[in-house]
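Using the numbering used here, the first residue of the sequence shown is number -18, and each one after it goes up by one.
Hint data in this document are derived by calculation from the structure and do not stem from the laboratory.
Be a bit skeptical, because a hint or two may be false.
[Unchecked claim] Simulated crosslink set (DSSO-like; lysine-lysine; CA at most 30 angstroms straight-line):
1) Lys283 - Lys79
2) Lys552 - Lys580
3) Lys495 - Lys362
4) Lys612 - Lys580
5) Lys10 - Lys131
6) Lys(-5) - Lys495
7) Lys393 - Lys(-5)
8) Lys17 - Lys516
9) Lys565 - Lys616
10) Lys(-5) - Lys612
11) Lys623 - Lys589
12) Lys397 - Lys151
13) Lys92 - Lys510
14) Lys580 - Lys18
15) Lys527 - Lys573
16) Lys220 - Lys315
17) Lys573 - Lys589
18) Lys495 - Lys559
19) Lys174 - Lys(-5)
20) Lys146 - Lys427
21) Lys495 - Lys546
22) Lys631 - Lys616
23) Lys573 - Lys558
24) Lys(-10) - Lys580
25) Lys565 - Lys79
26) Lys370 - Lys552
27) Lys580 - Lys565
[What the hints assert, rightly or not] Estimated spans, in silico, between C-beta atoms of each pair:
28) Gly486 - Ser322: 55 to 65 angstroms
29) Glu400 - Trp98: 51 to 61 angstroms
30) Ala658 - Glu172: 47 to 57 angstroms
31) Lys573 - Lys516: 40 to 50 angstroms
32) Lys(-5) - Lys357: 48 to 58 angstroms
33) Gly486 - Thr332: 24 to 34 angstroms
34) Pro395 - Asn286: 30 to 40 angstroms
Values in this document were obtained by computation on a predicted structure and should not be read as measured data.
Backbone N, C-alpha and C define an ideal beta-carbon position, used for all residues, glycine too.
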Amino acid sequence: MIEKVYDPKKVENKIYQFWLETGFFNPDKLPGKRKKKFTIALPPPNVTGSLHIGHALNATIQDVLIRQKRMQGFKTLWIPGTDHAGIATQVKVEKELKKEGKTRFDLGREKFLERVWDWVKKYEGIILEQFKKLGCSLDWSRNRFTMDKKYSLAVNYAFLHYFKKGLIYKGERLINWCKRCKSSLSDLEVEYKKERGNLWYVKYPLKNSQKYIVVATSRPETMLGDSAVAVNPKDKRYKKFVGKVAILPLVGREIPIIADLRVEMEFGTGAVKVTPAHDFLDYEISLRHKLPMIKVINEEGKMVNVTKEFEGLDVIEARKKIVEKLEKEGFLLKVEPYEVSLPICYRCGETLEILPSVQWFLRMEKLAKKAIEAVKSKKVKFVPKRFEKIYFDWLKSTRDWCISRQIWWGHKIPIKGEESVLDTWFSSALWPFAILGWPKKTRDLKEFYPTDVLVTGRDIINLWVARMIFSSIEFLKKEPFKYVFINPTVLTKEGKRMSKSLGTGIDPMDLIEKYGADATRFGLIWQVKTGQDLKFDEATIQMGKKFCNKIWNATRYVLMQVQEKEIQIPKKIKISKKLTEAQKEILQSLEKITKAVNKNLKNFEFGKSAEALYHFFWHQFCDKYIEESKKEIKKGNPFTKKVLLFVLLKSLILLHPFIPFITEEIYQKLPIKNKKASIMIENWPS
């Protein structure tokens, strides 16, 4: 008999240890001839801290897929690992140093990196243990880290490949610059926050004329670097102005008035200042019109290459003084309130400067085309399909990728004398094949690549998914996966973003401690519906716990009816006249639920599968058939025990990918002949 009450704390650690001892997480140790392969590369969490609820959902979905395929007879491989996370990890360690009153510069590069490695060892260990707590059947013998020696060799190989092809170049281009992190950022690492600001309307006098053209700007401090005034060629108001010369206020520099289709006629007066060194659109315009690039803000956020009265001022102070002088000299026409969209660093929250800098870039045009074609040709399919739009929109408009970062933690650019490191996403882009041994032609790479499914969030479709696709096509001439399942973003119950600092974040380990891993998994999966966001409700986790208790109690009842030590359970029970109506009904319901779950999982409908299994087990099996079986047993029906055990066994198998701990614990107690070593390798019903 099994204990009266199910206690996940007594079961889960013991069962996970049992799984590790079987070796079945490793595809090479799975029994039988498994010709078909199924591979998933775990999206590597950043070693910046512990797992959050989004990680728990993402990992549960992957575990459901891998466990089902393992039971279907596939040679399954789910590869674990973590990401060094460049700037993000460096910022975390710098915050720790700040508590000691130190900076990374006080320590020097070598000592600072020692501190980072200490951080990595601590948090990598925490993260991997948390995956185990969740029940993830990852092959720990193949665990990888994006800064391990073999991975670093793959990164260097990729860089040199692109470099030799002329796809990587060093040049002065406009970049996003974080003065706190003292590093460049790619466009995808920039976040925006709305802030109340102003639009200043400034009069730019025309050369040899009493007339002027009025320009509206939200950043008057950058006007000292203006190279032109631009209007839209379709704007009839300014046709007479195009080709004339304006005099730059406060500076006296002569600048042309040009026409360019990128100018928005609706913004301000329809005439805009062009500052190629501090605005991406202005930079594009300057290339078309061969305008000079005048840098007036440096990497410290201070004014440079300007008159003495403004030299060395920070941008906010300079803005104040420039506006005062414009007003004093009669150039300021008016000021209007205006909501500005400030670019901020996605890691530290500092306001970014856009400025010219000598950096390393990867040419994107040809690579982007390859990535677009992979999805257009359906070699890679997004589920849900609507997420293709985010992917295509970015790839069609992407600029060359700034891949160098002025930080210490990361892969150093493999050119002699270079101190910069590579953008963390450059190394992450190689993840699905580098973890299998690439660039070496390893057995794992040959056997398990390409992978089958990527499960990830919509926020990194461009940062990561697109880059993995073009990297794989470039290096291996094949797509890295067949499907990209975009899992929902986990929000608060009110639909707001979860935040640790605001106290709205949920630690999945707290849920596991309170309800058990199975309940946590089932409650999360239950909420994966067609909507793109998941408003987290702890009530579903509580429901998961009650469901586990129901399964346990149903098992206790079944085992009380079966006195034999072992019963031979057939692969299938044929519906015949010998069976009661209740027996026929439960067997038909079992067949229906099997078909439904297979169909739903094939279509990545995880919540639908969980819900269907819940209703079948609770309402069809427990509420109806178990109650009927009590009458049958009293009448001495010879088939009742077999039907009870058969339906329980098949239910456990179908439920196993969702709630693996309790199903394994019960499976080990079932008195059936020819039982497998673990439910993990039971035959999945088709």
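- Task: Take the C-beta atom of glycine 486 and the C-beta atom of serine 322, compute their distance, and say whether it sits inside 55 to 65 angstroms.
- Result: Violated - the Cβ-Cβ distance for glycine 486 and serine 322, about 26 angstroms, lies outside 55 to 65 angstroms.
- Message: Checking one constraint from the list: CA of lysine 552 to CA of lysine 580, max 30 angstroms. Satisfied?
- Response: 21 angstroms, holds
Is the Cα-Cα distance between lysine 174 and lysine -5 30 angstroms or less? Violated, because 48 angstroms separates the two Cα atoms, which is more than 30 angstroms.
### Message
Please verify whether lysine -5 and lysine 495 have alpha carbons no more than 30 angstroms apart.
### Response
The hint holds at about 18 angstroms.
* Has the given pair, lysine 495 with lysine 559, been kept, meaning a C-alpha gap of at most 30 angstroms? -> Given that 30 angstroms is the threshold and the Cα spacing comes to 46 angstroms, the pair is violated.
Could you grab the alpha-carbon distance between lysine 565 and lysine 616 and see if it respects the 30 angstroms cut-off? 17 angstroms, holds
Taking 30 to 40 angstroms as the stated bounds, is the beta-carbon spacing between proline 395 and asparagine 286 within them?
Roughly 34 angstroms apart at Cβ, these two residues keep to the hinted range, so it holds.
If you draw a straight line from the CA of lysine -10 to the CA of lysine 580, is it 30 angstroms or shorter? At roughly 33 angstroms apart (the allowed maximum being 30 angstroms), lysine 580 and lysine -10 break the hint.
Need the status of pair lysine 146, lysine 427: alpha-carbon distance at most 30 angstroms? Answer holds: lysine 146 to lysine 427 is near 25 angstroms, not above 30 angstroms.
| message | With the threshold set at 30 angstroms, check whether the alpha-carbon distance from lysine 10 to lysine 131 stays at or below it. | response | At roughly 24 angstroms apart (the allowed maximum being 30 angstroms), lysine 131 and lysine 10 satisfy the hint.
Hinted pair, alpha-carbon criterion (30 angstroms max): lysine 573, lysine 589. Please report holds or violated. Roughly 14 angstroms between the alpha carbons, so the hint for lysine 573 and lysine 589 holds.
TODO: Please work out if lysine 393 and lysine -5 have their alpha carbons no farther apart than 30 angstroms.
DONE: The hint is violated at about 43 angstroms.
Hints 3, 4, 7, 8, 10, 13, 18, 19, 21, 24, 25, 26, 28, 29 and 31 from the earlier list are contradicted by this structure; the remaining hints agree with it.
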